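Based on the provided sequences and hints, a complete structural model is requested.
In order, the protein sequences belong to chains R and D. Numbered according to the working numbering, the first sequence spans residues 67 to 404. Numbered according to the working numbering, the second sequence spans residues 120 to 446.
Treat the hints loosely; a few may be bogus.
[To be verified] Some but not every residue of chain R turned toward chain D, in silico, with C-beta under 10 Å: (1) V99; (2) S102; (3) E107; (4) D131; (5) Q204.
Simulated from the structure, these hints should not be mistaken for laboratory data. As the structure is a prediction and not an experimental result, all values here were calculated from the model. Cβ coordinates follow ideal geometry from the N, Cα and C atoms, glycine included.
Chain residues, written in single-letter form:
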Amino acid sequence: MARKISIKQAINEAIDQEMTRDPSVIMMGEDIVGGSGSFGEMDAWGGVLGVTKGLYAKHGSRLLDTPLSESAYVGAAVGAAACGMRPIAELMFIDFMGVCFDQIFNQAAKFRYMFGGKAQTPVVIRAMVGAGFRAAAQHSQMLTPLFTHIPGLKVVCPSSAYDAKGLLIQSIRDNDPVIFCEHKNLYAMEGEVPETSYTIPLGEANVVREGKDVSIVTYGLMVHRSLEAAATLAKEGIEVEVVDLRTLSPLDLDTVLDSVTKTGRLVCVDEASPRCNIATDISALVSMHAFSALKAGIEMISPPHCPVPFSPTLEDLYIPGSDRIADAVRKTLQKGKK
Amino acid sequence: MPSNPFPLSKERLLEVYRTMRTIREFEERLHVDFSRGDIPGFVHLYAGEEATGTGILCHLGDGDRIASTHRGHGHCIAKGVDVGAMMKEIYGKKGGACNGKGGSMHIADLSKGMMGANGILGAGAPLACGAALAAKYRNKGEIAITFVGDGASNQGTFLESLNLAGVWNLPVIFVVENNGYAESTSRDYAVSVDSFVDRAAGFGLPGITVDGTDFFAVYEAAGEIIRRAREGGGPSLLECKTVRFFGHFEGDAQTYRPEGEIENARANIDCLKKFAAQVTSQGVISAAELEAIDKSVLALIEDSVVKAKAAPLPTEADLTTDVYVSY
Ligand SMILES: Cc1ncc(C[n+]2csc(CCOP(=O)(O)OP(=O)(O)O)c2C)c(N)n1
Ligand SMILES: [Mg+2]
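Following this line, the structure appears as structure tokens:
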């Protein structure tokens, strides 16, 4: 049996192994080392939640602490990627994307196409996503749909330690810009992870629970809320299939369609704001490609259309819980064709 | 009765001491309550930096606007935001300054000219330019001030704002609160020039550096550039060299700081101790008068915590209100 490590450790290990394997891999970000220029401990932080702690001791100057200038260093990572390096830029909270979005969506995402296929930009932008940290409106967003909207970007959001390691190694090796979304409330979650290096292809969903009655399609933290709902529903005799998309772009629509063709019922669960999100996208695609397989209208579960509130009471109401998901599953079973 | 050599009346001196002491005790109390697990989220404390915010903001009225940072509690208090409403906000309660929706990093009170603490570094500078532009159109001599840390001063938004303010000759002051660190990274590592005054000069703005732990140094420098801005003389940059008594945020182990740094700062460059020594040694204010303020501040903070804990929680009905003015 493989050893168990946390998602946080899996990410650290993926970066470590790729830096060891490939000298063109470098990493930059605010306090990813920590203590730069001060008189105390170097590598004092290893990132704001300690994800990259210890890498500096092994890889030294290939890890760069940056000034608080996201536009400059994320853009520099993009530029270096276009010139033969494989940079990983760490953005801390994905909300800070607002500061450097141009470098990502007008620059990194478009080089390949705009330059007639001549450029490649193998950059990975790592950032924390998601609510539940009591971190309020500017440190809690799930901005995945902003990135799936943009051709040229790949978007990854793992839900387990095994996936986090394999998907990050693949993202580093991938020749396109990848937005790698790490859910801050999953960092501590442990799972079995091989010590050796391995990859998981981008664009392959994972059926994390099989069932014949209803399909739930989701990703990230919501995979776990959906699995909780599935466990509750199993006691009622309802067999739910849970599809973890893992990568949102490219999208593994085949796995989604196969599942819906089998069950005939679909609940899309997304932690992103409800308008034009991953849930609405999957719903539309399934309606278009598998309408005849559907026995009932599709259900969508997302937070309300509001910023993430600070107050823990409100934030807990904001984040979709397993009860809401289970109710949506029951609803799809009550309506439509039998 | 000894004569008063200070640029403020005795009454005003007592007022600014009360403000600084209120900030200090507010932060010391949050530090304790956070470590007890009473307070959720990210909390960045301003203790050690009181003379900076107070020495500048005591020149302002409610019509003057400020745009603050993630380390905003001190700016709020010095701008007159109600301490009880702040405490309730930090506890995520109804009746908080933002009804529990914002928390520590987003306390705002527009009626006091406080345009919000901010979770995005550098975001305050363009907003303050906008506030200054609005003031310019209103033409009542109002100004705007933005605070920025030594770290956040490296943001494009901040540097672009210096230029914009110069181009439009805006009544805006850029205050760099240089506490030596941005999270765990030192100022000397992250800032490419030796002096922020040089940066200002690069944009054609006058700049000045002061000891941010000396209330009177801050007060005088700020007074001069604020007067100039009110009179149409345009923007300036004020660098205040100061010190952070606590970690970057609560929970920071601070191993990047050399041993003894904080103890040393608390012993030798505590702005409140300095202020007390200055005013009492001149015989303008007695130690007993300061102690009376200390006591009443402690009572105020205690009261604010008791009321924050007792305040009602927001409910589901509050979740989707105030997303828009109308929709
Ligand atoms: C755009 C953006 N980038 C990064 C952060 C994370 N962050 C919050 S505070 C901070 C350090 C700020 O240092 P400084 O500006 O010197 O202010 P201080 O904390 O010392 O008061 C960082 C990196 C953020 N909130 N916003
Ligand atoms: Mg600082």
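The hints, checked one at a time:
no. : hint : result
1   : V99  : 9 Å, holds
2   : S102 : 4 Å, holds
3   : E107 : 4 Å, holds
4   : D131 : 5 Å, holds
5   : Q204 : 3 Å, holds
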